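Novice: Read top to bottom, the protein sequences are chains A and B. Per our numbering, the first sequence starts with residue 1, numbered consecutively. Per our numbering, the second sequence starts with residue 1, numbered consecutively.
Everything labelled a hint here was simulated from the structure, so no lab data went into it. Treat the numbers as computed from the prediction; the structure is a model and nothing was measured. Idealized CB from N, CA, C, for every residue including glycine. Any given hint could turn out to be false.
Derived Cβ-Cβ restraints for the label pairs, each shown as a range [as the list claims (entries may be wrong)]:
id : chain 1 : residue 1 : chain 2 : residue 2 : range
1  : B       : Lys342    : A       : Asn516    : 49 to 59 Å
2  : B       : Asn260    : A       : Lys6      : 34 to 44 Å
3  : A       : Glu381    : B       : Tyr104    : 20 to 30 Å
4  : A       : Glu422    : B       : Gly143    : 44 to 54 Å
5  : A       : Thr109    : B       : Glu263    : 44 to 54 Å
6  : B       : Lys342    : A       : Lys79     : 13 to 23 Å
7  : A       : Asn195    : B       : Asp304    : 26 to 36 Å
Computed list of chain A residues with no C-beta within reach of chain B, every gap over 12 Å [stated by the list, open to error]:
id : residue
8  : Glu43
9  : Thr82
10 : Val92
11 : Lys128
12 : Ser139
13 : Val162
14 : Glu166
15 : Lys275
16 : Lys316
17 : Ser329
18 : Lys348
19 : Glu408
20 : Val441
21 : Lys564
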Amino acid sequence: MVELIKLEIEGFGKFDKKKTIDFKKGVNFISGLNEVGKSTILEAILASLFKYTNTKIEPLFCWTNKDVCKLILTYKTDKGETFQILSDYKNVKKKLVKITKSGKSEISTTINTIHQYIKEHFGFDEQKVFENTTFIRQSQMAILGDSATKNKLRDMVEEVLVGSAEASATKALKKIKKVAKDSKKESESLKDDLNELKGELNTAEENKTKLTGDSQEHENISKELKTKSEKLTKLKENKKLFDEKETLLKDKNRTDENIEQVDEMIETLEGEKGKSIQKEQSKTLPIILIVVGVLLSLTLYGAIIGIPLVIYGIYKLVKKPEETLKVQSNVSEKVAKYKKQKKELINKKAVLESKLEKYKLVNFSLDNFRDLEKLEGDVEELKSKNIELKTSISMTKQLVKSPEEIKEEVDVIDNQIKDLLEKSEEHELASIFLEKSETEVQQKFTPSIEKNSKSILKKVTNNKYSDLKINENDLNITVKAPEINEFVPVDILSQGAKDQIYFTIRTTMTDLLSGNANIPLIFDDPFHNFDDIRLGKTISAVKELSKTKQIILISHKNYQRDYKGFADNVIELK
Amino acid sequence: MEEIKIIHTGDLHLGMTFKSLGEKSKLHRRDCQDVFSNIIDLTIKEKADALLIAGDLFDEPNPSKSIVSFVVDELKKLKEKNIPVFIVTGNHDPYKKDSLWFNYVFPSNVVIFDSNNLESKSIGNLEVYGLAYINNTKEPLKGFKAEKSDKFKIGLIHGSTTNIKEDDNPEYSYRPITKTQIDSSGLDYVALGHFHDLLEIKSNVMCFYCGSPEGLNFKNKPDSGVLIVTYSDGKVSVNPHKTAIREFHNIEIDCTKLENDSEIRKTLQKNKGEDKILRLILKGSPSLDFQLEKELLEKEFSSDYFYLKIDDRIHIPDNLQEDETIRGQFIKLIKQEIKKEKDENKKKRLENALRIGIGHLDKRL
């Protein structure tokens, strides 16, 4: 059994001057009203046993004694050896001293070594675990009076098992798993974005090649178009000259034709003139007519025919020369006119011929015609091709971001996914190992709790109960009810039985986690609100426990009135 | 002979994207182009006789059209001033069929070396020996000796000097150049490209890597620039000129004694600068109370820097409580797993898992 023997306090918490508290075996009852330093004593025990950082110890300095802050805790180990922990917080010093009959011997002054010894003696080096087991607080006991004791007990066991942690493994696991799941989910949705972008990147790469190809083709076609257009313009010019030449030639030919026609006309007219002269020479017919007429008139009756014949013959002889003259002058006029016309035409022909002289070299072959036709077609085709290419280039440029830009977007999402997957993996790993350690610890401890609790349970319940079970998975506690010889949930038991079971489990776990160091149980005013019956039963349970463990109980209640006869050592603080 | 002045640059890697800069990559890509414009302006302002580009002007053999036409337009500015440009290709933009060198027309003041052997091109009293980058293995200066003349003879080469081999990185074996080869080259100045930081190669001949004029990654020093090389009376002098728009910085913090991130915040506050690209490397083994909220910090300080990256390289401390409780067992199990794991990345994941688990158990998360 580990026993606290003496606590000396100076300049710590409520104690400015040196104060010595002597502990005894069995139940030590520390009483006093609020603010007299009851909790300072508990804090002093914890500070002596565990590592307190500066930030943790500073609020515990006594504000009315600025020079000293010292604690000396003297205790006896399970093996019966006596040690002293001397803490000097103002000078940041700690010392472990062994006390034998022959005197004091220094064991260590280095913090880490000292705490190794303390762990060996008290079974704990984690304050939180120590507090969760051996320290029973008012709040913890009070809730047992409420409903669902089953859950409260389970929470208590869970809290003890999780060690120095603040949250239970179950609660921590729930949170960790959620983060793992959420990050995974987020990364999945990002992966869809990524795939889409990667598709875009492929298109962009293709487009880059296409753009370079298109631009080059556009350039090539433009060059070809330029040469062909130039050629075409030349040919067209040539064609125009050729056409002009053709027109001139046609003109010339027509002029030639005209001249021929005029010549013909003149010839015809001159022929007609000749005919009329011939007509002039044939005056013989009227003369014959006159002669015949005269001769006839010489006959008696012949005058009837002869005289008209003479008249007609004379008329003919006189009239005809008049007509002929008229015709003759008309023809001459016409001939002159045509001759003038011919002259004009000849002049025109000369002009045309001189013009044509300039076009002497102008030629346009059948091949030239074919070329022209082909070039016209080619140029049209090239032009439309170039328009197509230009549209395609500007479309490609407009529609798609550059591969660099998309690659950058891909990289950003890639990084995000990588981070999220790492986060998810880390949380996943944390949850796997936490779950594993939870299972392992529960599987390891629950049988021990069941086994080791039997004797204690028997003792504190005055042999009424002797068997409890803790489910290794959900930590539910059931107790064997002697009346029916069956395991029942703690909720249905009486308040007294609940308290007793609570003590039993706390004590059992203290022993288990401290490696059966048999350390003192410390009660921080836990029975505050208990009614007389509950208090009576609890006291007798604690009294029972005190046979194997030193009990240190702090209460602001009046000892003489409420606890009389309970303690082996009563310390009144004033 | 009148003084000859040239600007020596290279390794611009135009068109390069920067994965480590996340969403700022696009802007930094633009910075690299701006720096090229600035170099053109500097060449004009300094009335330099030539601009020399020692390879890797482009990051890839087929950059986007916009990048190449940008470069062509910039080079035209030098044509207007009658300043020649000598370009050798690098391992990123090698001289090969279907590469940009064949797909685009450069202005007539630009000399692009297209032979696999050192060839000389001279303009006035300046004689530049260069060779196209076609493969990785060729030793550019092997058996080379420049003809004796009064001209300012420069070797313009993309390759690696073999005396500074670093951790068997293949980059360092590209196009090997030995000190002996430089010594006996008969050149007045060797303008090298390939390594991204300014570096002098000590030799009988003045020999320099100009480095990238704008930082490309966190390995780069913050004062990247070009070299202004002058030749006068047979003497060569080399003057670095800073051109970097942004500066890459690395800061390390040992977090071993930290319990929270206030020290980190102080450092971030103290070092801020809107053109700075900072990588804050966190090292050491802080206690499990220390929880790093990397993304949150990066977000909070993102506007104080051009880019901020927090590199988490912290480890878990050695002296962890491995007691019989769930918390203790959790630590024990993960530590066992970490010990077994060989892969450093997976080790780190497990360490983070430990910190996360404890963070939740101790309600610090």
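Novice: Against this structure, judge whether each hint is valid.
Specialist: Hints versus structure:
1. Judged by the Cβ atoms, the range 49 to 59 Å given for Lys342 of chain B and Asn516 of chain A is violated: they are separated by roughly 40 Å.
2. Distance hint for Asn260 of chain B and Lys6 of chain A: a CB-CB separation of about 39 Å, consistent with the stated range 34 to 44 Å.
3. In this structure, Glu381 of chain A and Tyr104 of chain B meet the distance hint of 20 to 30 Å, their C-beta atoms being roughly 27 Å apart.
4. As the Cβ distance of Glu422 of chain A to Gly143 of chain B is approximately 53 Å, the hint placing it in 44 to 54 Å holds.
5. Distance hint check: the CB atoms of Thr109 of chain A and Glu263 of chain B are about 31 Å apart, inconsistent with the given range 44 to 54 Å.
6. At about 45 Å, the CB distance of Lys342 of chain B to Lys79 of chain A disagrees with the hint of 13 to 23 Å.
7. Distance hint check: the CB atoms of Asn195 of chain A and Asp304 of chain B are about 35 Å apart, consistent with the given range 26 to 36 Å.
8. Against chain B, the non-interface label of Glu43 of chain A holds: every CB pair exceeds 12 Å, the least being about 21 Å.
9. For Thr82 of chain A, the requirement that its beta carbon stay farther than 12 Å from each beta carbon of chain B is met, with the minimum near 27 Å.
10. Listed as a non-interface residue, Val92 of chain A keeps its Cβ farther than 12 Å from every Cβ of chain B; the least gap is roughly 16 Å.
11. The Cβ of Lys128 of chain A does not lie farther than 12 Å from every Cβ of chain B; its closest approach is about 9 Å, which violates its non-interface assignment.
12. Chain B leaves Ser139 of chain A outside its interface by the beta-carbon criterion, the shortest separation being 18 Å against a cut-off of 12 Å.
13. Not every C-beta of chain B lies more than 12 Å from that of Val162 of chain A, the closest at about 5 Å, which undercuts listing it as non-interface.
14. A beta-carbon of chain B comes within 12 Å of the beta-carbon of Glu166 of chain A; the shortest separation is about 4 Å.
15. At roughly 89 Å from the closest C-beta of chain B, the C-beta of Lys275 of chain A stays outside 12 Å, upholding its exclusion from the interface.
16. The Cβ of Lys316 of chain A sits about 106 Å from the closest Cβ of chain B, beyond the 12 Å cut-off, so the non-interface label holds.
17. Chain B leaves Ser329 of chain A outside its interface by the beta-carbon criterion, the shortest separation being 88 Å against a cut-off of 12 Å.
18. Consistency note on Lys348 of chain A: stated as away from chain B, and its beta-carbon is indeed over 12 Å from all of that chain's, at 59 Å minimum.
19. At roughly 4 Å from the closest C-beta of chain B, the C-beta of Glu408 of chain A falls inside 12 Å, breaking its exclusion from the interface.
20. Chain B draws Val441 of chain A into its interface by the beta-carbon criterion, the shortest separation being 5 Å against a cut-off of 12 Å.
21. Non-interface status of Lys564 of chain A relative to chain B is upheld: no Cβ of that chain comes within 12 Å, the nearest being about 39 Å off.
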